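Listed below, chain by chain, are the residues.
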Amino acid sequence: MSDGVMIVGEVVDGGLHPTVRQLVNAAGQIGESSEVTLCLAVDGAFDGGCLEGIGVGKVVLLEHPDAGSDGIGGVYSLLTELVCEVVGRLEPTVVLVGKTDAGSVVSARLAARMGAGLASDCIDLALNSHGRVAVTRPVHGGSALAVYEFAGEGLQVVSVRPGAFEVAQSVAGTPDVERIDMSSVSASGAVPVLVETVVEESEGVPLEQADVVVSGGRGLGGPEPFDQLRELCGLLGAALGASRAACDAGWVDHNHQVGLTGKSISPTTYITVGISGASQHMAGCSSARNIVAIDKDREANIFSHARYGVVGDWAKVLPAFTAAVAELE
Amino acid sequence: MLKIAVCAKQVPDTDIPPSQFKVDEGALRVVPPAGVPPIVNGFDMNAVEAALRLRDAGVECEIVVFSVGTEFAMDVMKKPLAIGADRLVLVDDDASESLDGLGTARVLAAAIEKDGGADLVLAGRQASDWDQSQVPIMLSELMSAPLVTLVRALSVSGNGSSSEVERVAEGGFQRVECPLPAVMTVTNELGEARYANLRGIMAASRKQPETMTLDDLGLGDLANSKALEMTRLFVPESESNVEIVEGEDEADSGRLLALKLREAKLI
Ligand SMILES: Cc1cc2nc3c(=O)[nH]c(=O)nc-3n(C[C@H](O)[C@H](O)[C@H](O)COP(=O)(O)OP(=O)(O)OC[C@H]3O[C@@H](n4cnc5c(N)ncnc54)[C@H](O)[C@@H]3O)c2cc1C
Ligand SMILES: Nc1ncnc2c1ncn2[C@@H]1O[C@H](COP(=O)(O)O)[C@@H](O)[C@H]1O
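Protein chains in written order, with the numbering used here: chain A, 1 to 329; chain B, 1 to 267.
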């Protein structure tokens, strides 16, 4: 068992980021959850209500007036300083971070500063015979899996793929909470400054929450056919997805991209139209329960992941499919 | 003059069909299909494009491409030169194969420093071989330079001391002001790299890359002191259980598919 496992969690809008309870589960793979320390960077407004039932031994709140906003020290520079400071003080042997936008930055900067290794985007954790962490991570876009083990004796930094672990069950009671005043910490030297965050109005049902997703790819040949997908989405109450090829071509906005570098989705039903099923695309929908593919190439990789499929030209298959759906509704 | 370092990695072609993807489990290596040459990592070409757009926008700059690796395919690695980068620096060393992310970042930091430093380091958001997305972030830490990740648009202010950046963020984007020197990672949202024209290809073919080894950088031992080691590489088993729905014609198949999905309560 590895002692000194620390989770660096994220706080959004005063609550815990969904990855935090997944990280609690991940930590359980390499040690007793009751001995895990959870660190959260918070500002004065954080009331700790969301910590109820979280199964870790101890929570450390890194209090800083600017922790809630990224305005000072944009792109997570302040967060990085807070995390490096607490790791220096508590000297954990393993630090677990979610592979989110913030987690990617914080984990890599921490590892570089401490001269430590970083295993990024891991989907499984274990201990090897030396008590060091061994991780499994998808590589080559998900075409292969690799196991990496930490050598030597130094700090082990691990970022965990969001969604790879289930959310940990709630336990009775609240953990010990220690507040550390971090107001003297600042992002030193030259730092990027956040000017504004622009939220782009995304059309339709949000991808991450949808029970049904309909996605289009390069096989659609242009932007117009996406209107047919939108119509189908409307009938099914589904969210609109796309492959990177379709997004890069400008047919549909990038915030619809499903995949390794796009969104991860876990719908009950995932319907793809003109998507070949490249490993980087499949990386974003591996937890979809049923994949349904429409593609003209029987050899396309998507059919080796699909539950149901039609081999044919979408321009003929899709209108009939949509009409039948409309009739059924 | 602004000096821009672009970090670019040679990786196996990502456009091969998944069925042709093979690994050598003993050697812990990917075995590319015969005759398929490697590519410059896609996001790194986006980074080259970002640098070229700064030049197009009137920023006087020298663009130097840095790559750490071995068995370089020279016509592949010269692609950035063919579209307008000025120089190519190759850290060519067998030992680079076994570097971990931090090791690679150290080598890049040393190579850039040996070359006289840089005002702006551009890299890809991740390398499509090991998908680590950590080298440039570590590089920023080693260089004590500010970092902006996932850049989709970029401009540099007149005197080259600061930059305005748009980065991709959850549900939208962020506008960030970043002092230079800085390290930035570029994402495909920035746009594809331009095509090389004949003149560019000719000019690139006449240029010789500058090469160095880990020893030249005083980092000969680096591969022996890595913190992270790959111990297994394999292609996971997957079994297909697809039911192909076939009607009288394609339209009929579409109709039957809808009925099937309804029956299975999937829609
Ligand atoms: C590091 C990295 C990260 C990546 N991240 C992502 C990601 O997050 N998401 C992602 O999607 N991709 C990603 N990619 C790209 C990925 O490798 C593929 O290039 C991409 O997914 C291909 O998109 P596609 O399936 O739409 O296009 P293609 O592979 O070109 O497939 C088009 C399909 O349409 C079919 N077709 C053509 N015409 C018709 C017709 N008339 N009727 C029916 N079918 C037709 C064809 O048979 C084919 O199967 C990434 C790549 C890299 C290197
Ligand atoms: N060996 C290398 N040589 C040059 N650049 C590299 C190398 N490895 C990584 N990089 C840069 O760092 C980015 C992210 O790589 P990685 O952290 O390996 O996913 C790449 O897109 C490159 O820009």
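Misleading hints may appear alongside valid ones.
Computed from the model, here is a short list of chain B residues facing chain A with C-beta under 8 Å [stated by the list, open to error]:
{"no.": "1", "residue": "M1"}
{"no.": "2", "residue": "P18"}
{"no.": "3", "residue": "V31"}
{"no.": "4", "residue": "D131"}
{"no.": "5", "residue": "T149"}
{"no.": "6", "residue": "F173"}
{"no.": "7", "residue": "R175"}
{"no.": "8", "residue": "V235"}
{"no.": "9", "residue": "E250"}
{"no.": "10", "residue": "L261"}
The set of hints was computed from the structure by calculation and includes no laboratory data. Since this is a predicted model, take the numbers as computed values, not measurements. Heads up, the beta-carbon is just placed ideally off N, CA and C, and yes, glycines get one too.
Against the structure, the hints come out as follows:
1. Look at B/M1: its Cβ only gets to about 20 Å from chain A, farther than 8 Å, so that hint breaks.
2. A least Cβ separation of about 5 Å between B/P18 and chain A falls short of the 8 Å threshold, and the interface hint therefore holds.
3. Because the smallest distance between the Cβ of B/V31 and any Cβ of chain A comes to about 11 Å, over 8 Å, the interface hint for this residue is violated.
4. Because the smallest distance between the Cβ of B/D131 and any Cβ of chain A comes to about 6 Å, under 8 Å, the interface hint for this residue holds.
5. For B/T149, the interface hint holds, since its Cβ comes within 8 Å of a Cβ in chain A; the closest pair sits about 6 Å apart.
6. Because the smallest distance between the Cβ of B/F173 and any Cβ of chain A comes to about 5 Å, under 8 Å, the interface hint for this residue holds.
7. Checking B/R175 against chain A: minimum C-beta separation of about 4 Å stays under 8 Å; hint holds.
8. Taking 8 Å as the C-beta contact cut-off toward chain A, the hint placing B/V235 at the interface holds, the least distance being around 5 Å.
9. Checking B/E250 against chain A by beta carbon gives a least distance of about 4 Å; that is within 8 Å, so the hint holds.
10. The criterion of a C-beta within 8 Å of any C-beta in chain A is met by B/L261, whose closest approach is roughly 7 Å, and the hint holds.
Violated hints for the displayed structure, listed by number in ascending order: 1 and 3.
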